[in-house]
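*Asks:* Spelled out from the first residue to the last, the chains are:
2 protein chains.
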Amino acid sequence: MFTGYAAELKDDLGVRWQRVQALVREAGADGFLASSNVNIFYLAGRIFMGYVYLPAEGRPVFFVRRPCGLSGEGVLELRKPEQISGMLSEFKVTVPKKMMLEGDELSFSDWSRLSSCFAGVELVNGSALLRRSRAVKTSYEIGLMKKTGSRHAAVVARFPNVYEAGMTDQQWAVEMFRLMLDAGSLGIFRVAGASMEAFMGTVLAGDNGAAVSPYDFALGGAGMHNSLPVGQSGVVLKDGMSVMADVAANFFGYLTDCTRTFAVGRLAQEAVRAHQVAIEIREALAAAAKPGARCDELYALALGMAEKAGLTGCFMGMKQKAKFVGHGTGIVINEQPVLGPRSKDILEAGMCLALEPKFVIAGTGAVGIEDTVLVSTAGGVNLTPCDPDLVVIA
Amino acid sequence: MFTGYAAELKDDLGVRWQRVQALVREAGADGFLASSNVNIFYLAGRIFMGYVYLPAEGRPVFFVRRPCGLSGEGVLELRKPEQISGMLSEFKVTVPKKMMLEGDELSFSDWSRLSSCFAGVELVNGSALLRRSRAVKTSYEIGLMKKTGSRHAAVVARFPNVYEAGMTDQQWAVEMFRLMLDAGSLGIFRVAGASMEAFMGTVLAGDNGAAVSPYDFALGGAGMHNSLPVGQSGVVLKDGMSVMADVAANFFGYLTDCTRTFAVGRLAQEAVRAHQVAIEIREALAAAAKPGARCDELYALALGMAEKAGLTGCFMGMKQKAKFVGHGTGIVINEQPVLGPRSKDILEAGMCLALEPKFVIAGTGAVGIEDTVLVSTAGGVNLTPCDPDLVVIA
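If you read the sequences in order, they're chains A and B.
The numbers in this note's numbering rise by one with no breaks, and the one at position 125 of the first sequence is 255.
The numbers in this note's numbering rise by one with no breaks, and the one at position 238 of the second sequence is 368.
For the record, the hints were derived by calculation from the structure and aren't laboratory data.
Fair warning: there could be bad hints in the mix.
The list treats identical chains as one, so a pair stands whether inside a single copy or across any two.
Here are the simulated lysine-lysine pairs, DSS-like style, with alpha carbons at most 30 Å apart [said to hold, decoys possible]:
hint : residue 1 : residue 2
1    : 210       : 453
2    : 210       : 449
3    : 449       : 140
4    : 451       : 210
5    : 474       : 368
6    : 474       : 210
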């Protein structure tokens, strides 16, 4: 454990290790060597360049390549991965026979190098196991998610204050990003999956709500340039457009997700109605977000309500539809589980879910909302409480 | 080729393909299947989710999973990588016997999946080959680097305008980020290497210039939180501190790098002198940045000048020193080559290099500068021209 950690964080890391260790033993492995920034942060409470070795039983070893000077129990300086095996022995930790690595995060080259470092050790991909553990937040993590969500919602509530008539979607977005940074956002937007990327969030105005994107987010947007084809397109905001702001918050390394839709003047009646349906779906999803609920059934619940409202065709996109209505969030914006039609996941208390029913209305744009909720026996507790209604901004 | 591209981009992509194809043939391979966002942007001029297959001779095939609706010569819709091999045959492209993949970018899982899709095909890691090709910019890319650099420098020149007495480093940084976004920055900061990450740049004030970081940038900074330990630390700017602003620019998918140092009031004489030495090193490096120059010798040149000035101990950091004084930049901030002591690289015309001699002065902070230069027979042409001197801001 690193020197200088608060007792609360120390205890919480202990809980995370025990949970992962149980999963490692269940998988018949002797240990996990984690290496991605995301999982090092999860298992060590800080980011460093190196590795965390968590044996199936006992205390973890932290192999730190950078920065220099970190200290604490089980903290060892490392120059290169070839040293790990020998250092484990010196540190009186048994070198594993079967070891888990992050096969979904390690590059092929890095996996191959580790494979040479651990000749004779059976290596298996344990990425899914860490995703599963990260999906259910510990009490310390829930504390951070709550603090993040409530500050997030307060910033979103101020988005209309920085709107000015005649702005483009990009200009308003920049003002929103600035509010978020001023409130302490670290800015960085961590996302799982090598082909996924975005800046701090997306602001979709008018027809850009229907624009399709390479990225597997709920909605896309054309973006400002072919090198980042997602989000605002530079369109001038005009009467009758909806503007959907989906800007993430990251104050302490944990992301909450929250979307609100604004109306430039008067929106078409269908858009207003669809927004109301989205609010109702979000309410129904939260009410159902209890331990034991099936993710595929939550998706079916949302789709059924959209169908009943005659809005299937524009639910979660038009030409290219998102195949989910919600997802876990935490250290990355797209944690497990996914609320999609083919999910086999079951909700557990402590999961944090972004619920995001959205519609795209031709001629108006995207409408709908998103909140991050904490799964509990009483249903999903909203962590990002702010007015869900369409707010008219001009 | 995608529908709607300007003739200039089309021609330029043709040049990139030919260059990569020559390297593929040199490596004895029959084709390259690229898959990372960075290399898809490089080879296709846009980002999509999917693959670019570039045979050793002939036209590329673009396999697009997302978004739907893209069209053009050689553009095929794909659901999953298992289809690629069959689609190549249908498209009358010979399935390769030896194929290059991005082994440094593909995850172990994704490489393994492709390996099953191409049973019997010899797969080799071609990441270094694409890095080598990307290092030397084409004429279209040079045009984008020039446009980016000159707009970048104009924004940096305005950093003092948004400074206010009593600000923290973070508050000033947010204002700088906003200027950059207002000028059209896409915000996203692409970097090679799984453990490398940052927001839009770093602003290091006072002793935070000496703080070490997990990330392999020239200098570090403690950051605002353990989940992103790099950059500004939240310190209030005070008389006698240097403030080093290293904020990248990305307007068109290509990053330029530029650092300027500001003085809060009067700095210690040693800091002022070290800054002047940095300017001289940067000049000397640019003068030497001609085709044929050796990267290790450029590093030695910089180190020698620091030594002569009696500043070796604080050159490129104190406790943890960067082992380079410059690096390529382009689609990612850390392109090839690296100007380091063990580099074997030789400069070529068309390379774009960030030259960044920096010193850390105890009690004052980081000083020095960084410019992005284009390697030419006349030496490095500065793409980020703005006043290199210490600017006193209070």
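*Asks:* Each hint: holds or not?
*Replies:* Verification of the hints:
For the homomeric pair residue 210 and residue 453, the shortest alpha-carbon distance between copies (16 Å) is at most 30 Å, but the shortest distance inside one copy (42 Å) is not. When the C-alpha separation of residue 210 and residue 449 is checked against a cutoff of 30 Å, the pair qualifies only between copies, where the shortest distance is 19 Å, while the shortest distance within a copy is 48 Å. Taking the shortest Cα distances, residue 449 and residue 140 sit within 30 Å of each other only across copies (28 Å), while inside one copy they are farther apart (48 Å). In this homomeric assembly, residue 451 and residue 210 come within 30 Å of each other (Cα to Cα) only across copies, at 17 Å, whereas the closest approach inside a single copy is 45 Å.
In this homomeric assembly, residue 474 and residue 368 never come within 30 Å of each other (Cα to Cα): the closest approach is 43 Å inside a single copy and 56 Å across copies. Taking the closest pair of Cα atoms, residue 474 and residue 210 come within 30 Å of each other only across two copies (21 Å); inside a single copy the shortest separation is 40 Å, beyond that limit.
Hint 5 from the list above is the single one not met by this structure.
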